[in-house]
Amino acid sequence: MAKLPVSLTINGDEHDLLIEPRKTLLAVLRDTIGLTGTKEGCSTGDCGACTVIVDGKAVTSCMVLGVTASGKEITTIEGLASDGELHPVQQAFINTGGYQCGFCTPGFIMASKALIDENPDRTEEEFRHALGGNICRCTGYTKILEAVLKAAEEIRTTT
Amino acid sequence: MKSFEFFEPTTLAEASRLFAEEHAQLLAGGTDLVIGMKALTETPQSVISLQKIPGLAGITTETDNSISIGATTKVREVELSADIQQHHTALAEGAAEIGSIQIRNLATIGGNIAHASPAADTVAGLLVADAQVDIASADGERTVPINELFTGPGQTVLTPGEIITRFRLPSPASGSHYIKHKIREVMDLAFIGVAAAVNLDNGTITDARIGLAAVAPTPIRATEAEDLLKGNAPTPALLEQAGEAAAAASSPISDLRCSAEHRREMVDVLTRQTLQQALERASG
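So the protein lines, in turn, are chains W and Z.
Residue numbering for the first sequence is 0 to 158, as defined by numbering that gives the first Met the number 0.
Residue numbering for the second sequence is 0 to 283, as defined by numbering that gives the first Met the number 0.
Rather than coming from a laboratory, the hints here were simulated on the basis of the structure.
All values derive from a computational prediction rather than experimental measurement.
Hints should not be assumed to be uniformly reliable.
Claimed, not checked - Below, simulated BS3-like cross-link-like pairs (lysine-lysine); rule was C-alpha separation at most 27 Å, straight line:
1. LYS1(Z) to LYS2(W)
2. LYS71(W) to LYS1(Z)
3. LYS2(W) to LYS51(Z)
4. LYS51(Z) to LYS71(W)
5. LYS22(W) to LYS56(W)
6. LYS56(W) to LYS51(Z)
7. LYS22(W) to LYS37(Z)
Starting from the given sequences, assemble the full structure and let the hints guide the process.
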């Protein structure tokens with residue numbers, strides 16, 4: 000099938016690509032662009048490992064056709080750090096040990112960043128509920144939640 | 000995923016013409032279709048995206064508090080809309096029950112309804128809102144009440160080329176509520192969904208609507224239960240009768256997730272609980 004021209008802004012860089020309509024945004028990011036920080040877990044939208052931020056909203060990129068993301072701004076885990084400084088959410092995951100094998104971590108960090116951007120004042124219970132679309136098969140949820148709460152607190156107090 | 004031809008029409012007429020062809024599928028949020036295409040349960044030859052058609056997304060509220068919701072409005076937007084939370088609480092609560100935030104940022108209310116799952120989380124809220132469904136095709140437009148839209152699991156009255164464009168909700172009831180019976184807090188399908196909307200006047204129920212999901216081949220209104228309530232004061236005995244009438248209106252199946260007997264019993268229980276909450280909101 001014919002490839003279609005697609006223009007994506009990924010982590011601030013513009014990419015003009017020719018892609019097959021059946022390629023998901025996740026496949027475009029990983030295979031076409033080479034940004035393998037975003038992970039493929041279940042590939043059915045259940046695990047959240049593939050979470051990226053599209054036009055400010057966290058989405059499961061395994062459910063998005065790449066061609067429908069044309070013209071949109073996409074942020075992946077590779078785009079969070081700036082000037083050599085990790086994003087506060089990334090730093091909080093490191094400081095609290097909010098990861099074990101690390102496979103779910105990029106998805107958790109992207110989902111958490113979007114939640115904190117939207118409203119950093121959520122309670123622990125609200126963050127727990129709002130992160131229900133991300134699964135950690137190592138079951139390291141306690142430290143993940145601790146990291147998210149610390150990051151939210153830091154972002155609240157510094158902005 | 001099999002290959003397909005991708006279209007991004009900018010008018011409804013063009014989308015309808017393409018969708019009238021054989022083996023064509025509409026793409027709104029993609030949360031059902033893309034997963035289905037990966038699993039090869041969906042193998043369309045053409046996929047028609049709705050996202051470039053102007054005017055299909057968004058929520059507008061009129062001065063009489065009637066609300067119009069465009070078909071490609073994200074369910075996350077329905078969930079967070081202050082007007083829908085206030086006037087159609089059951090619908091906002093139902094939208095908030097779908098998948099995860101990441102999925103609700105993609106999924107659309109039109110897709111949730113057009114997919115015609117008897118367990119769709121927005122359907123009970125739309126039923127008790129008495130939603131009118133606007134449908135467009137190359138031949139023109141028509142409107143179908145939501146309770147006449149479904150004909151079976153995954154089946155609707157929509158004919159080839161017809162596209163849902165918006166849901167119009169008339170003036171709201173004074174209190175409504177939705178309960179989803181489920182195991183997981185999020186990312187679960189409803190065993191049962193029950194919505195109720197009521198109007199109260201001086202302690203008398205002047206209007207009552209009950210919508211049931213996942214307990215019959217299509218979502219249904221429990222009209223006998225509604226008739227029992229209208230014109231009466233909401234006593235515990237009356238709510239019990241309404242619960243029993245709603246359970247009698249259901250025709251659930253047994254499946255991996257729970258038995259028909261459990262579903263029918265829970266329709267009774269949940270209808271009473273949902274009504275109680277809707278009545279509290281109506282009097283508050």
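Handout entry: Violated hints, by number in ascending order, as checked against the structure
Key = none
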